[in-house]
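Enquirer: Chains as they are written, first to last, in the UniProt record's numbering: chain A, 1 to 352; chain B, 1 to 612.
Incorrect hints may appear among the rest.
Below, computed lysine-lysine pairings styled on BS3-like, alpha-carbon distance capped at 25 Å [what the hints assert, rightly or not]:
| # | chain 1 | residue 1 | chain 2 | residue 2 |
| --- | --- | --- | --- | --- |
| 1 | A | K326 | A | K179 |
| 2 | A | K335 | B | K492 |
| 3 | A | K338 | B | K535 |
| 4 | A | K326 | A | K338 |
| 5 | B | K387 | A | K24 |
| 6 | B | K59 | A | K92 |
| 7 | B | K59 | B | K272 |
| 8 | B | K516 | A | K236 |
| 9 | B | K31 | B | K280 |
| 10 | A | K304 | A | K229 |
| 11 | A | K195 | A | K230 |
| 12 | A | K229 | A | K259 |
| 13 | B | K535 | B | K553 |
| 14 | A | K179 | A | K226 |
| 15 | B | K137 | B | K156 |
| 16 | B | K166 | B | K156 |
| 17 | A | K335 | A | K323 |
| 18 | A | K179 | A | K222 |
| 19 | A | K24 | B | K272 |
| 20 | A | K179 | A | K230 |
| 21 | A | K233 | B | K272 |
| 22 | A | K304 | A | K338 |
| 23 | A | K233 | A | K259 |
| 24 | A | K77 | B | K280 |
| 25 | A | K117 | B | K516 |
Hints listed in this document are in silico derivations from the structure and should not be mistaken for laboratory results.
Chain by chain, the residues:
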Amino acid sequence: MNLTEMDFDDLMEEAYDLPGGKAKLELLEQAVRVADAAGDIDQGYEARSEIVELGSFHGYPMKALVAFSWQLGQYDKNPGRFDDYSLMWSYKWVLDRITAFADISRTQIENLLEDMKTRYAAEGYSSRTYHYYRANILEDFGELEASEAEWAIVQTMDRDEMSDCEACEQHGLVEFLAKQGDDEATVKAAEPILKGRMTCGEVPHVTITKVLFPLLRLGRQKEADKLQKKGYKLVKGNRDFLYHQAEHIGYLTLTDPVKALEVFEEYIASSLDHENPADQMIFNAYSAKMFRRLAEESIRFQVKLPVDHPCERQFEDVAALAKYFKQLALATAEKLDKRNGNGYYTELLEKL
Amino acid sequence: MENQNQDTYRFQVNLSGMINILSNHLYSSPKVFLRELLQNGIDAITARQAYSPAGYEGKIHVEVSGTSTGATLLVEDNGIGLDEAEIHEFLAMIGQSSKRGEDFLSTNTSFIGRFGIGLLSCFMVSDDIVMVTQSAKGGPALEWRGKPDGTYTIRKLEGAHAPGTKVFLRCKEGSEAYFEESNLQEGLFHYGALLPYPIQLVSDRNTRLINPLTPPWVKDPQLARKHRDEVLSFGKQVLGETFRDFIPLHTASGRTGGIAFILPHAVNLNAKRNHRVYLKHMLVSEAASNILPDWAFFVKCLIWTDELQPTASREHFYENAQLEQVREELGNSIRQELMRMAEYDPDRLQSIISLHALSMKALAVEDSSFYSIIHEWLPFESTYGRKTLGELKQQPPLYFTATLDEYRQITHVASAQSMLVVNGGYIYDAELLARLPLIDPDVQTERLLPEEVSLSFTDITPQERLDYYESVRLADSVLQKFRCQVQLRRFKPEEIPVLYTLSEESAQWRVMEATKEVSTDALASVLGSLGASLKETAYATLYFNLNNPIIEKVFHQGNQATLPSIVEMLYCNALMMGHYPMNRQEIALLNQGIIQFIDWGLTANQATGGDE
Numbered sequence: 001m002n003l004t005e006m007d008f009d010d011l012m013e014e015a016y017d018l019p020g021g022k023a024k025l026e027l028l029e030q031a032v033r034v035a036d037a038a039g040d041i042d043q044g045y046e047a048r049s050e051i052v053e054l055g056s057f058h059g060y061p062m063k064a065l066v067a068f069s070w071q072l073g074q075y076d077k078n079p080g081r082f083d084d085y086s087l088m089w090s091y092k093w094v095l096d097r098i099t100a101f102a103d104i105s106r107t108q109i110e111n112l113l114e115d116m117k118t119r120y121a122a123e124g125y126s127s128r129t130y131h132y133y134r135a136n137i138l139e140d141f142g143e144l145e146a147s148e149a150e151w152a153i154v155q156t157m158d159r160d161e162m163s164d165c166e167a168c169e170q171h172g173l174v175e176f177l178a179k180q181g182d183d184e185a186t187v188k189a190a191e192p193i194l195k196g197r198m199t200c201g202e203v204p205h206v207t208i209t210k211v212l213f214p215l216l217r218l219g220r221q222k223e224a225d226k227l228q229k230k231g232y233k234l235v236k237g238n239r240d241f242l243y244h245q246a247e248h249i250g251y252l253t254l255t256d257p258v259k260a261l262e263v264f265e266e267y268i269a270s271s272l273d274h275e276n277p278a279d280q281m282i283f284n285a286y287s288a289k290m291f292r293r294l295a296e297e298s299i300r301f302q303v304k305l306p307v308d309h310p311c312e313r314q315f316e317d318v319a320a321l322a323k324y325f326k327q328l329a330l331a332t333a334e335k336l337d338k339r340n341g342n343g344y345y346t347e348l349l350e351k352l
Numbered sequence: 001m002e003n004q005n006q007d008t009y010r011f012q013v014n015l016s017g018m019i020n021i022l023s024n025h026l027y028s029s030p031k032v033f034l035r036e037l038l039q040n041g042i043d044a045i046t047a048r049q050a051y052s053p054a055g056y057e058g059k060i061h062v063e064v065s066g067t068s069t070g071a072t073l074l075v076e077d078n079g080i081g082l083d084e085a086e087i088h089e090f091l092a093m094i095g096q097s098s099k100r101g102e103d104f105l106s107t108n109t110s111f112i113g114r115f116g117i118g119l120l121s122c123f124m125v126s127d128d129i130v131m132v133t134q135s136a137k138g139g140p141a142l143e144w145r146g147k148p149d150g151t152y153t154i155r156k157l158e159g160a161h162a163p164g165t166k167v168f169l170r171c172k173e174g175s176e177a178y179f180e181e182s183n184l185q186e187g188l189f190h191y192g193a194l195l196p197y198p199i200q201l202v203s204d205r206n207t208r209l210i211n212p213l214t215p216p217w218v219k220d221p222q223l224a225r226k227h228r229d230e231v232l233s234f235g236k237q238v239l240g241e242t243f244r245d246f247i248p249l250h251t252a253s254g255r256t257g258g259i260a261f262i263l264p265h266a267v268n269l270n271a272k273r274n275h276r277v278y279l280k281h282m283l284v285s286e287a288a289s290n291i292l293p294d295w296a297f298f299v300k301c302l303i304w305t306d307e308l309q310p311t312a313s314r315e316h317f318y319e320n321a322q323l324e325q326v327r328e329e330l331g332n333s334i335r336q337e338l339m340r341m342a343e344y345d346p347d348r349l350q351s352i353i354s355l356h357a358l359s360m361k362a363l364a365v366e367d368s369s370f371y372s373i374i375h376e377w378l379p380f381e382s383t384y385g386r387k388t389l390g391e392l393k394q395q396p397p398l399y400f401t402a403t404l405d406e407y408r409q410i411t412h413v414a415s416a417q418s419m420l421v422v423n424g425g426y427i428y429d430a431e432l433l434a435r436l437p438l439i440d441p442d443v444q445t446e447r448l449l450p451e452e453v454s455l456s457f458t459d460i461t462p463q464e465r466l467d468y469y470e471s472v473r474l475a476d477s478v479l480q481k482f483r484c485q486v487q488l489r490r491f492k493p494e495e496i497p498v499l500y501t502l503s504e505e506s507a508q509w510r511v512m513e514a515t516k517e518v519s520t521d522a523l524a525s526v527l528g529s530l531g532a533s534l535k536e537t538a539y540a541t542l543y544f545n546l547n548n549p550i551i552e553k554v555f556h557q558g559n560q561a562t563l564p565s566i567v568e569m570l571y572c573n574a575l576m577m578g579h580y581p582m583n584r585q586e587i588a589l590l591n592q593g594i595i596q597f598i599d600w601g602l603t604a605n606q607a608t609g610g611d612e
């Protein structure tokens, strides 16, 4: 059936049958258009709920943000019409990715955090989730000390229904420690996750890459290699894990550069139309580093680039590719730093 | 102890609690007691074979008598049997395990331990279980009688008995169905169709053999090709579906094999995969989903293995390295067969692809060598209709859209110009099209953006450009505030007065602008910031078709007064036809426009007195 001939229910039904990805997103967007054209707020809300979830977990955070903005507006205009809990829960997904957009100012982000805090309090939830997300956001701003202070508050409070699952929170801690550069503490905090005692839909997928570099630096490459293989299978093929696919490239650059190139080729296409600029930046930065490493080899490489890639003709010039990807990454880092008011990301890229 | 031959013991377990665990938490249905009894029999036969192989032939005899609650079931094997110490051993093990519950079931793999659990599962359908057993290692025959209240007795029997074990079950109220002859026949076949020992079912009326002699293709799946009809009819008997084709499965170690029946109907990507798996000849799972790679959703498999570890309930497998390897090797069997078909039997491949294109595409995305071999048969939607990639690539360069939305914008116009455009909007398609040049260097593919369709439009002549210059400028100024430019062209079909195309950024910007109007202040401000950078690159174009007689009239000089309203209305109409969200300003425009046109209509009417 032609897309334009399908009614709302057909579109939603077909969307539910698809795995997360572009095709599903398009059906949901068409469902939104059909619902809006008919002025049906409930259908518009339903389809957007799906977009928020899909966008948050399959690499379309901007689409998720826009859909969520519409939902929250309608939620306020129509008190009691929509489910509170699921909307409040998805607020976290939106906040979790919002720092990636350099165009959004710190004040705007602070305002949203405060808005979430007020709304959670009105629904009877504690401010623990607020502090938890504030810790994450400060971490994204590169303000690790301020973030640590928020973490301290989080740890004194009791979990409630709005808390992320325990595996996710433990992962949050691992990530924080990794950013602080404390290798031993990172590995130790990751232990309950790596041993399988704490898992969820995204853990240990996202945790494994955080311990690879620390393990390598601690001289435990064997463990790291084994984990890398395991972790790569978990993030393989899902666009949402671009950041972690990039970290696999980064690790393999140090241990098996040719394999790193294969991983790069696998994800370069999805990185191009990815909606998260911060994740793209990390992907580009690790790719640049890999190409620099490959440039040291005497063998000639033929890099498979997608059709219409700006460097399509330079597929044999790894040094030029290194330069190109580094510039891309730096451009984003500079924008983020300007917004954040420091030099965190520019320095981070240098240190990778 | 009045009788020297009879001792009364007590279970050291809360038996009803144990049965509760079994029936409510472990097994999916009480009917599995039959599998457990068969398994006990097979284990006993295997043990006896190891103990004294010479001239021994294992067999299982099942007999049902009486009806409804008077029914009794006997399951007998001629296996190794148990002596008294072994009976105490398994009961003690159950005792030890009662506190640990399920954990014990998954870790205990010894013959004796499993035997006990198997026997215990019979309490799900019977309150009165009697076991008579004679160990092949000697000693007296024993009768064990258990009650669900936790007591049991063991009695030594007089006289000579052949080695083996008989289990008698008396039907419990509510379990009548499990004792019906037809259900028993079905259940025994269900679990034991591949057992290498004969199972006989005897009732008051009939005696029959449940399982055929193990077919040769179970030992060597490659032989299945020579027994096509037999394999297909076995598939129908076991899986209840009529298949037309299958692929033999095997692993290098030879410890796992099977038949992948190709589903005779198209399936959904998210459909549940239900493969039927036999572990050591016994059915373990009829809903195994993790034994084949994800892309293999177009087959339903019978698989037999002796190398995987079942979960406690024996209905699934543990996700471990071994399973992963088996999954990969089984996937390889399918992949290689498909590649072989591409070379030697393209018709067969084509008939599979016609039903299961999606599955093939999923695999092709994962594996470029597979893609390279089967790509010519993969179907895609295009402005020339549904065609295979083999046909499509004859007409280079191959244009494709990356999304359904883009395809929708241009399909009518592209078709009218006989321009070949492939719809890449469906799952996997754009990805595969983008990769096509990597597997076939002679083919060029190019992503087509909606605005590029105008490349095939005919430019207006310099004279026309001059003639319409003022009108076009006026029209352009009208739409400027909507970040939309006006272009005058000639294109087919002439029935289309205007074509609206917009870039991805523009589409996203429109959605943001419209969302800002309904959202909260904090988020509206965020959307404003995000939109600002999009707006710079966002642009849309409204192409007016000079081949269309009305448009020609509209742009004709002398229509300057009505032109702005007409352009605005055509613009609003294009937005509505494309289901693009309209902001307040645009909706206001539409409303004013309609009033304006009504007014013009009435004025014209009055002028002519209602006559044309």
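Enquirer: Against each hint, give a clear statement of whether it holds in the structure.
Expert: Now for the hints, and whether the structure bears them out:
no.: 1; hint: A/K326 <-> A/K179; verdict: holds, 21 Å
no.: 2; hint: A/K335 <-> B/K492; verdict: violated, 46 Å
no.: 3; hint: A/K338 <-> B/K535; verdict: holds, 21 Å
no.: 4; hint: A/K326 <-> A/K338; verdict: holds, 18 Å
no.: 5; hint: B/K387 <-> A/K24; verdict: holds, 23 Å
no.: 6; hint: B/K59 <-> A/K92; verdict: violated, 63 Å
no.: 7; hint: B/K59 <-> B/K272; verdict: violated, 36 Å
no.: 8; hint: B/K516 <-> A/K236; verdict: violated, 36 Å
no.: 9; hint: B/K31 <-> B/K280; verdict: holds, 20 Å
no.: 10; hint: A/K304 <-> A/K229; verdict: holds, 22 Å
no.: 11; hint: A/K195 <-> A/K230; verdict: holds, 13 Å
no.: 12; hint: A/K229 <-> A/K259; verdict: holds, 11 Å
no.: 13; hint: B/K535 <-> B/K553; verdict: violated, 33 Å
no.: 14; hint: A/K179 <-> A/K226; verdict: holds, 23 Å
no.: 15; hint: B/K137 <-> B/K156; verdict: holds, 16 Å
no.: 16; hint: B/K166 <-> B/K156; verdict: holds, 15 Å
no.: 17; hint: A/K335 <-> A/K323; verdict: holds, 19 Å
no.: 18; hint: A/K179 <-> A/K222; verdict: holds, 23 Å
no.: 19; hint: A/K24 <-> B/K272; verdict: holds, 19 Å
no.: 20; hint: A/K179 <-> A/K230; verdict: holds, 22 Å
no.: 21; hint: A/K233 <-> B/K272; verdict: holds, 21 Å
no.: 22; hint: A/K304 <-> A/K338; verdict: violated, 34 Å
no.: 23; hint: A/K233 <-> A/K259; verdict: holds, 14 Å
no.: 24; hint: A/K77 <-> B/K280; verdict: violated, 63 Å
no.: 25; hint: A/K117 <-> B/K516; verdict: holds, 22 Å
Against the hints set out earlier in the document, violations occur for numbers 2, 6, 7, 8, 13, 22, 24.
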